[in-house]
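Number of protein chains: 8
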Amino acid sequence: MAFKYERLDKDNVVLLMVDHQAGLLSLVRDFSPDDFKNNVLALADIARFFEIPTILTTSFEDGPNGPMVPELKEMFPDAPYYARPGQINAWDNEDFVKAIKDTGKKQILIAGVVTEVCVAFPTLSALEEGYEVFVVTDASGTFTPTVREAAWERMSQAGAQMMTWFGVGCELHRDWRNDIEGFGGLLASHLPQYANLMQSYSQQTA
Amino acid sequence: MAFKYERLDKDNVVLLMVDHQAGLLSLVRDFSPDDFKNNVLALADIARFFEIPTILTTSFEDGPNGPMVPELKEMFPDAPYYARPGQINAWDNEDFVKAIKDTGKKQILIAGVVTEVCVAFPTLSALEEGYEVFVVTDASGTFTPTVREAAWERMSQAGAQMMTWFGVGCELHRDWRNDIEGFGGLLASHLPQYANLMQSYSQQTA
Amino acid sequence: MAFKYERLDKDNVVLLMVDHQAGLLSLVRDFSPDDFKNNVLALADIARFFEIPTILTTSFEDGPNGPMVPELKEMFPDAPYYARPGQINAWDNEDFVKAIKDTGKKQILIAGVVTEVCVAFPTLSALEEGYEVFVVTDASGTFTPTVREAAWERMSQAGAQMMTWFGVGCELHRDWRNDIEGFGGLLASHLPQYANLMQSYSQQTA
Amino acid sequence: MAFKYERLDKDNVVLLMVDHQAGLLSLVRDFSPDDFKNNVLALADIARFFEIPTILTTSFEDGPNGPMVPELKEMFPDAPYYARPGQINAWDNEDFVKAIKDTGKKQILIAGVVTEVCVAFPTLSALEEGYEVFVVTDASGTFTPTVREAAWERMSQAGAQMMTWFGVGCELHRDWRNDIEGFGGLLASHLPQYANLMQSYSQQTA
Amino acid sequence: MAFKYERLDKDNVVLLMVDHQAGLLSLVRDFSPDDFKNNVLALADIARFFEIPTILTTSFEDGPNGPMVPELKEMFPDAPYYARPGQINAWDNEDFVKAIKDTGKKQILIAGVVTEVCVAFPTLSALEEGYEVFVVTDASGTFTPTVREAAWERMSQAGAQMMTWFGVGCELHRDWRNDIEGFGGLLASHLPQYANLMQSYSQQTA
Amino acid sequence: MAFKYERLDKDNVVLLMVDHQAGLLSLVRDFSPDDFKNNVLALADIARFFEIPTILTTSFEDGPNGPMVPELKEMFPDAPYYARPGQINAWDNEDFVKAIKDTGKKQILIAGVVTEVCVAFPTLSALEEGYEVFVVTDASGTFTPTVREAAWERMSQAGAQMMTWFGVGCELHRDWRNDIEGFGGLLASHLPQYANLMQSYSQQTA
Amino acid sequence: MAFKYERLDKDNVVLLMVDHQAGLLSLVRDFSPDDFKNNVLALADIARFFEIPTILTTSFEDGPNGPMVPELKEMFPDAPYYARPGQINAWDNEDFVKAIKDTGKKQILIAGVVTEVCVAFPTLSALEEGYEVFVVTDASGTFTPTVREAAWERMSQAGAQMMTWFGVGCELHRDWRNDIEGFGGLLASHLPQYANLMQSYSQQTA
Amino acid sequence: MAFKYERLDKDNVVLLMVDHQAGLLSLVRDFSPDDFKNNVLALADIARFFEIPTILTTSFEDGPNGPMVPELKEMFPDAPYYARPGQINAWDNEDFVKAIKDTGKKQILIAGVVTEVCVAFPTLSALEEGYEVFVVTDASGTFTPTVREAAWERMSQAGAQMMTWFGVGCELHRDWRNDIEGFGGLLASHLPQYANLMQSYSQQTA
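Protein chains in written order, with numbering that gives the first Met the number 0: chain L, 0 to 205; chain Z, 0 to 205; chain C, 0 to 205; chain S, 0 to 205; chain H, 0 to 205; chain R, 0 to 205; chain W, 0 to 205; chain U, 0 to 205.
Don't take each hint at face value.
[Said to hold, decoys possible] In silico DSSO-like pairs for lysine-lysine, Cα to Cα no more than 30 Å straight-line: (1) W:Lys3 <-> U:Lys104; (2) H:Lys3 <-> R:Lys100; (3) H:Lys97 <-> R:Lys9; (4) W:Lys3 <-> H:Lys3; (5) W:Lys3 <-> U:Lys3; (6) U:Lys9 <-> R:Lys97; (7) H:Lys72 <-> H:Lys100; (8) Z:Lys97 <-> S:Lys9; (9) Z:Lys3 <-> L:Lys100; (10) S:Lys3 <-> Z:Lys97; (11) Z:Lys9 <-> L:Lys9; (12) Z:Lys104 <-> S:Lys3; (13) L:Lys3 <-> C:Lys9; (14) H:Lys100 <-> R:Lys3; (15) L:Lys3 <-> Z:Lys3; (16) C:Lys3 <-> S:Lys9; (17) R:Lys3 <-> H:Lys104; (18) S:Lys3 <-> Z:Lys9; (19) C:Lys97 <-> L:Lys3; (20) C:Lys3 <-> L:Lys9; (21) S:Lys72 <-> S:Lys104; (22) Z:Lys9 <-> L:Lys97; (23) U:Lys3 <-> R:Lys104; (24) S:Lys105 <-> C:Lys3; (25) S:Lys3 <-> Z:Lys105; (26) H:Lys9 <-> W:Lys97; (27) U:Lys105 <-> W:Lys3; (28) H:Lys97 <-> R:Lys3; (29) W:Lys100 <-> H:Lys3; (30) H:Lys104 <-> H:Lys3; (31) C:Lys3 <-> L:Lys3; (32) U:Lys100 <-> W:Lys3.
It should be emphasised that the hints constitute simulated quantities derived from the structure, not laboratory data.
Based on the provided sequences and hints, a complete structural model is requested.
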């Protein structure tokens with residue numbers, strides 16, 4: 000049976016940002032804090048750049064889990080935002096699911112904290128309902144690399160695709176000519192080593 | 000063919016704790032001793048918290064493998080307990096299997112030492128008999144990370160799902176509102192970093 | 000259903016070298032620079048040794064991505080070479096795909112920078128069109144080992160086979176007697192430890 | 000479709016030891032030399048303990064690859080032994096395959112150097128012919144852990160099962176009561192940490 | 000010039016616990032949370048076991064740094080405790096230094112968070128005043144292993160001695176016969192692998 | 000001979016930023032690009048916060064080494080800046096040394112790329128001239144951790160002190176009360192995990 | 000002041016093997032069990048080869064620490080052997096120290112378990128008494144690499160020299176011509192990779 | 000006492016290449032084979048570039064240790080070359096030492112295999128005789144990183160300076176203007192990432 004390559008399509012995808020909260024972030028230890036912050040914000044920038052509908056949710060944000068990180072709130076001031084009263088699997092929150100369904104999109108990008116719970120549970124739920132699910136693995140964090148590997152294995156076995164923010168951005172953009180400066184700027188602001196290439200280039204060709 | 004997400008269900012699951020014995024534990028080197036002890040006890044606490052039927056078994060406990068660790072004995076004083084006279088695969092012990100079947104549950108949570116034998120063999124046997132099997136990977140230990148990876152690969156290929164104690168607890172709990180204090184206390188006692196969040200929170204909101 | 004082992008066949012395979020450009024190479028951090036350079040050149044030597052049709056392509060080579068590394072240009076002076084004007088997935092470049100189809104080969108060897116984009120995207124496209132795809136993983140580089148693992152998982156899930164340059168060379172050669180000196184020389188020039196074996200052997204038997 | 004657990008069966012399995020040669024062993028860097036030597040000899044001891052038919056083969060043993068390590072020769076003085084004149088995939092050697100078929104076994108245990116070639120190629124060939132193949136991963140070595148991971152992925156994808164010598168021994172033994180002293184002695188001689196448990200036990204119970 | 004071995008002397012030593020606060024602990028990533036918690040509590044148990052005068056201090060505990068972890072407060076209810084109003088180097092707090100000097104001890108054991116600041120600064124200050132300083136390295140944590148290495152280098156260069164809680168306990172105890180059960184119990188409660196040895200021993204000799 | 004603790008003194012220290020150039024930064028592989036960028040900018044922010052005289056220098060900035068990274072230029076628009084015409088050891092540039100001496104400071108903070116050359120050489124030169132030298136190790140990068148360790152060893156042996164930007168900031172600040180908001184803001188902008196603590200705190204106490 | 004190179008001298012050195020006991024060995028996790036066993040036995044073989052007086056000691060061998068490993072007892076049947084009744088620092092055992100002094104040697108080789116206690120304490124004591132102390136670091140084991148690093152730092156700071164069994168053997172042998180076959184055999188039996196070189200050599204020159 | 004910075008001086012230094020033999024190189028596992036080969040050849044190129052007198056020596060080159068690697072022989076056809084008949088410490092070979100002394104140089108650069116023996120022993124001997132010794136750590140290899148660390152510690156304690164080939168080249172060159180193209184070419188041929196910078200630069204400025 001032939002494989003069918005369903006590419007990420009900016010007109011058919013919704014992004015779910017799950018539980019990137021100030022308290023929960025202190026649990027993330029499979030990425031350095033700098034790297035993880037950068038990865039999360041890079042994904043957020045991608046969503047804005049491609050005008051992808053984005054849905055935010057948090058778990059118990061008034062308790063020790065803490066508030067959603069302010070950068071995300073600021074970047075998505077008008078996005079649907081669901082402070083879940085208790086459901087651990089965000090898919091158990093009817094408002095959240097309704098918001099997804101209301102977008103009419105068939106592809107889901109998802110990232111969250113922690114990977115094996117806040118990402119894996121809604122991923123499995125979404126797969127069951129027929130969505131294509133693309134996990135943004137480097138914008139999702141958890142306790143240890145070993146825990147992460149188990150989470151990836153479970154999600155992959157169920158049919159989710161493991162991606163990273165850079166791959167997501169490139170698959171959505173398709174062609175540099177769609178916006179060279181915009182996309183280049185996005186990469187430069189989240190890849191210091193790419194920014195260096197650009198700076199050397201611009202000086203040397205000046 | 001659509002994926003079906005069969006969640007861990009506290010009313011339909013049985014936990015198997017296989018060969019967590021004082022001697023065998025000295026063989027476990029893919030986790031630090033502190034981490035591994037914590038993971039095993041966290042899983043045990045989860046079983047008690049959700050009142051999941053739990054079955055214990057040991058291999059040759061009168062020899063160098065040593066006795067089951069006392070904490071588990073104390074936590075499950077009334078649990079079925081099978082000191083296997085020689086079977087390496089616990090599933091070859093008829094009493095053990097009968098105890099599982101008598102629970103009437105269709106989902107199995109399993110953890111043990113060492114992963115590629117004491118966990119993998121009964122996992123494969125249970126899968127063959129139609130059980131859904133969820134391996135609690137971080138409460139299962141073995142000689143090296145490389146050995147662990149091979150064991151995961153074999154079990155996953157056969158259809159078992161790789162989980163961790165934190166994911167198990169969260170998938171069973173479903174909703175914080177079912178018992179906020181109880182579940183929070185469980186997490187705090189096994190996640191020092193989460194306990195810190197709770198302590199800061201309680202002081203700052205005092 | 001029985002597994003069918005379709006071996007790499009030097010008469011039925013085409014090699015794609017995607018975006019090994021001077022600027023992009025500075026992004027590769029899942030291999031040491033020495034190791035990666037050696038792996039890429041070893042793959043190139045294999046292609047020349049077995050006279051495998053090879054197709055080169057670059058992305059935006061006049062900008063910060065930089066020119067294709069000169070060693071590859073020199074090794075394949077007559078190979079089809081496509082400086083893509085903007086397409087990120089090389090398979091979106093019609094000339095590139097036409098060149099592949101014109102070879103009439105049914106197997107594709109692919110390597111490139113970065114793995115999750117420049118390798119993964121054309122790999123998925125080629126699989127969709129019915130090609131057998133063999134990814135030369137150690138001649139493909141990316142930001143971190145974690146990113147690499149996600150890329151492998153996605154490509155493998157779709158049916159691509161993960162290989163390395165040494166395995167590719169051996170699977171193509173089939174039998175040392177086809178050319179002992181030639182193949183031995185190829186290995187010696189890219190495996191210092193094998194060259195040492197050969198040198199000790201030749202001295203000791205002199 | 001239900002999973003079927005075909006256990007390793009000492010009466011239905013043949014062991015293939017491929018290219019454990021003095022020169023080639025210097026290429027193995029995904030295990031320490033002490034660990035790898037121990038793993039290979041442990042597997043050999045298992046074969047002798049369970050009287051599993053064992054077939055040895057080497058590649059170009061008169062050249063830099065060097066002779067088979069003497070310990071294996073001594074342990075299997077009467078085993079079929081094929082010094083291949085050039086075939087890289089041992090399955091391309093008719094005598095070797097005939098020797099396997101003559102055993103009438105349907106399960107294959109395989110280990111060798113290097114993993115992605117000398118193990119992977121015959122593994123894929125054997126799978127194609129309908130054998131069940133169990134790769135003894137820790138008695139198989141290669142250049143780097145990354146190369147190993149690619150080799151495992153390819154073999155696993157094709158249906159081979161990833162095991163280790165300890166798991167193999169335990170799955171074959173089934174029940175300690177079949178030979179407590181013999182099996183315990185085997186473990187003690189290859190697991191220093193298990194030997195320590197046994198020594199403490201015997202002193203303390205003396 | 001001969002080396003003089005000044006052993007840790009339980010009658011001549013004072014323990015400083017610096018800034019083990021709920022918030023700051025989330026910064027510690029050179030140890031796993033389980034390991035670090037265990038190390039800190041083991042050191043505290045040692046201080047109580049040997050009745051070593053212990054002095055606690057915190058930095059800005061009403062702000063984001065958070066309160067001292069409750070376990071330490073409970074273990075040392077009567078210890079001098081200095082919530083520093085702003086001094087980063089605890090040695091700049093006159094009350095803290097006076098408390099140290101009032102003990103009349105000439106040896107200092109110190110642990111804290113983070114290593115290169117809260118431990119290193121008072122260590123250097125104490126060395127300047129002629130104290131012998133023993134840094135309990137595994138009860139002191141910081142951002143990364145690289146930061147830790149730099150901190151160790153600086154302190155060691157100045158004359159501080161790098162120790163760990165286990166070494167501290169053993170050097171203070173001198174002879175098991177001073178209290179076999181007490182010291183054995185202390186070790187067992189903080190070294191799961193040692194507890195296992197004790198449990199096997201007690202069962203086998205029962 | 001008693002140790003003398005000469006603390007970093009904001010009124011007696013000069014910062015040297017050596018060769019943080021766009022091209023050279025692609026050589027740095029002992030830190031992730033995100034981490035390294037953050038470390039360098041954190042050090043720059045510290046210099047500005049404490050108004051420490053800062054001197055910039057580059058090596059061959061018109062060639063492949065590339066221009067100084069623009070962030071540093073922007074942060075220190077009026078700082079002395081020496082584009083060295085060829086001297087590898089910046090101390091061989093008379094203007095650079097004169098600028099240092101003109102500050103009248105006796106303590107030197109230094110960071111640069113690569114550690115064993117651009118940092119180590121001027122460090123050794125400055126030590127020879129009687130300066131106290133504090134190497135900001137995490138704002139200095141090089142090819143591999145092994146190269147870094149050798150560089151640290153050489154500099155430390157000569158009397159330089161190994162520090163990190165966080166330790167430098169804290170040793171300069173001395174007391175939070177000197178500027179709570181300013182220093183807290185500085186930390187929050189370079190330590191995502193500290194920013195999270197502050198955010199949770201401010202919400203919870205709101 | 001010039002450095003004086005006092006080489007290890009087989010006529011002026013005594014070897015101390017401290018607490019290599021079956022129970023304690025389960026605590027060693029900074030080496031793999033195979034590697035550590037090999038290192039300890041290699042050191043023992045060196046002592047026998049050079050006829051170095053060797054002194055054995057154990058701590059509480061009737062309890063959970065377990066008996067000295069039988070290989071050492073067998074290799075040194077006539078060596079002084081002190082089962083310490085309680086002293087943690089073996090140097091506190093007068094019989095042990097007297098045995099050392101009775102040898103009249105001025106150089107001490109020491110190895111043991113665990114490094115920061117059983118090795119470090121007598122090392123510091125011996126240094127104080129004017130002995131030259133050479134720590135055989137790879138025949139000494141402890142809980143983690145981090146603990147080991149702290150122990151090395153403390154011992155090195157006091158003047159002990161960090162060595163390994165291979166270096167010890169070579170420094171004692173001085174010249175291959177003193178016994179080519181004997182020394183070569185010793186290396187071959189503990190360095191599988193060297194044994195391979197010898198085997199290839201002997202075959203190729205046969 | 001002030002530190003004196005004695006820089007490497009191309010007119011006052013001699014390079015010793017000790018035992019880089021085909022057999023012994025198979026023992027080196029603290030660097031990848033590609034990296035190590037590159038490091039050794041880079042050092043050799045440096046010696047030729049600066050016309051530094053170079054002395055070669057081997058140990059038992061007619062036996063399993065194997066011949067000196069041919070690249071070194073070819074690069075230094077006229078260099079003094081001592082095939083030692085048995086001395087392990089090359090400094091025990093009178094001809095070797097005489098050759099060093101005949102150069103009249105006071106600084107020694109040394110590299111070899113294995114680090115703790117072939118490098119450390121002559122390093123300690125040379126220090127004793129008053130030479131300044133600079134160990135080229137990355138052109139010196141051994142069994143494991145742990146063995147390397149012990150060797151560095153011993154040599155550093157005795158006064159040797161730990162360097163790397165890149166640092167050596169830069170300290171010898173002093174100023175790019177002494178030979179921009181020559182030195183740049185040397186770097187480009189041994190630093191693929193630097194070659195990439197140069198290639199991008201030359202294209203972009205063409």
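Here is what the structure says about each hint:
Taking the CA atoms of Lys3 of chain W and Lys104 of chain U, the gap is about 21 Å. The hint holds against a cut of 30 Å. A distance of roughly 42 Å separates the Cα atoms of Lys3 of chain H and Lys100 of chain R; the hinted pair therefore is violated under the 30 Å criterion. For the hint linking Lys97 of chain H to Lys9 of chain R, the alpha-carbon distance of about 27 Å falls within 30 Å, and the restraint holds. Using a Cα cut-off of 30 Å, the hinted pair Lys3 of chain W and Lys3 of chain H holds, with the two alpha carbons roughly 21 Å apart.
In summary, the hint linking Lys3 of chain W to Lys3 of chain U is supported, as the alpha carbons are separated by about 21 Å, within the 30 Å threshold. For a cut-off of 30 Å, the pair hint linking Lys9 of chain U to Lys97 of chain R stands: about 27 Å separates their Cα positions. Distance check on the hinted pair: Lys72 of chain H and Lys100 of chain H sit about 22 Å apart at the alpha-carbon level, within 30 Å; holds. Between the alpha carbons of Lys97 of chain Z and Lys9 of chain S the distance comes to roughly 27 Å, so the proposed pair stays at or under 30 Å and holds.
The straight-line distance between the Cα atoms of Lys3 of chain Z and Lys100 of chain L is roughly 19 Å, inside the 30 Å bound, and the hint therefore holds. Between Lys3 of chain S and Lys97 of chain Z the alpha-carbon distance is near 20 Å, which keeps this suggested pair within the 30 Å criterion. With a CA separation close to 40 Å, the supplied pair Lys9 of chain Z and Lys9 of chain L exceeds the 30 Å bound. Simply put, Lys104 of chain Z and Lys3 of chain S have alpha-carbon atoms about 21 Å apart, close enough for the 30 Å limit, and the pair holds.
A distance of roughly 27 Å separates the Cα atoms of Lys3 of chain L and Lys9 of chain C; the hinted pair therefore holds under the 30 Å criterion. Of the supplied pair hints, the one linking Lys100 of chain H and Lys3 of chain R holds, its CA atoms being roughly 19 Å apart against a limit of 30 Å. Straight-line distance between C-alpha atoms of Lys3 of chain L and Lys3 of chain Z comes to about 21 Å, which keeps the hinted pair within the 30 Å bound. Note on Lys3 of chain C and Lys9 of chain S: the hinted pairing holds, with a Cα-Cα distance of about 27 Å set against a maximum of 30 Å.
A C-alpha spacing of about 21 Å is found between Lys3 of chain R and Lys104 of chain H, which places the hinted pair at or below 30 Å, so the restraint holds. Between Lys3 of chain S and Lys9 of chain Z, the direct Cα distance comes to roughly 27 Å. Compliance with the 30 Å bound is thereby established for this hinted pair. Taking the CA atoms of Lys97 of chain C and Lys3 of chain L, the gap is near 20 Å; set against the 30 Å cutoff, the hint holds. Distance hint between Lys3 of chain C and Lys9 of chain L is unfulfilled; the C-alpha atoms sit about 38 Å from each other, more than 30 Å.
Proposed proximity of Lys72 of chain S and Lys104 of chain S is supported: the alpha carbons are some 23 Å apart, at most 30 Å. Proximity of Lys9 of chain Z to Lys97 of chain L is assessed by CA-CA distance (about 27 Å); at most 30 Å being required, the pair is judged to hold. Restraint check: the Cα-Cα separation between Lys3 of chain U and Lys104 of chain R comes to about 21 Å, which is no more than 30 Å; the hinted pair holds. For the hint linking Lys105 of chain S to Lys3 of chain C, the alpha-carbon distance of about 18 Å falls within 30 Å, and the restraint holds.
Taking the CA atoms of Lys3 of chain S and Lys105 of chain Z, the gap is near 18 Å; set against the 30 Å cutoff, the hint holds. Restraint check for Lys9 of chain H and Lys97 of chain W: the C-alpha separation of about 27 Å stays at or below 30 Å, so the hint holds. Distance check on the hinted pair: Lys105 of chain U and Lys3 of chain W sit about 18 Å apart at the alpha-carbon level, within 30 Å; holds. At roughly 20 Å between alpha-carbon atoms, Lys97 of chain H and Lys3 of chain R fall within 30 Å of each other, so this suggested pair holds.
At most 30 Å may separate the alpha-carbon atoms for a hinted pair to count; Lys100 of chain W and Lys3 of chain H meet this at roughly 19 Å. A threshold of 30 Å between alpha carbons decides the hint, and for Lys104 of chain H with Lys3 of chain H the separation of about 18 Å falls inside it, so the pair holds. Straight-line distance between C-alpha atoms of Lys3 of chain C and Lys3 of chain L comes to about 21 Å, which keeps the hinted pair within the 30 Å bound. For the suggested pair Lys100 of chain U and Lys3 of chain W, the alpha carbons sit about 19 Å apart, so the restraint of at most 30 Å is met.
In summary, the numbered hints that this structure violates are 2, 11, 20.
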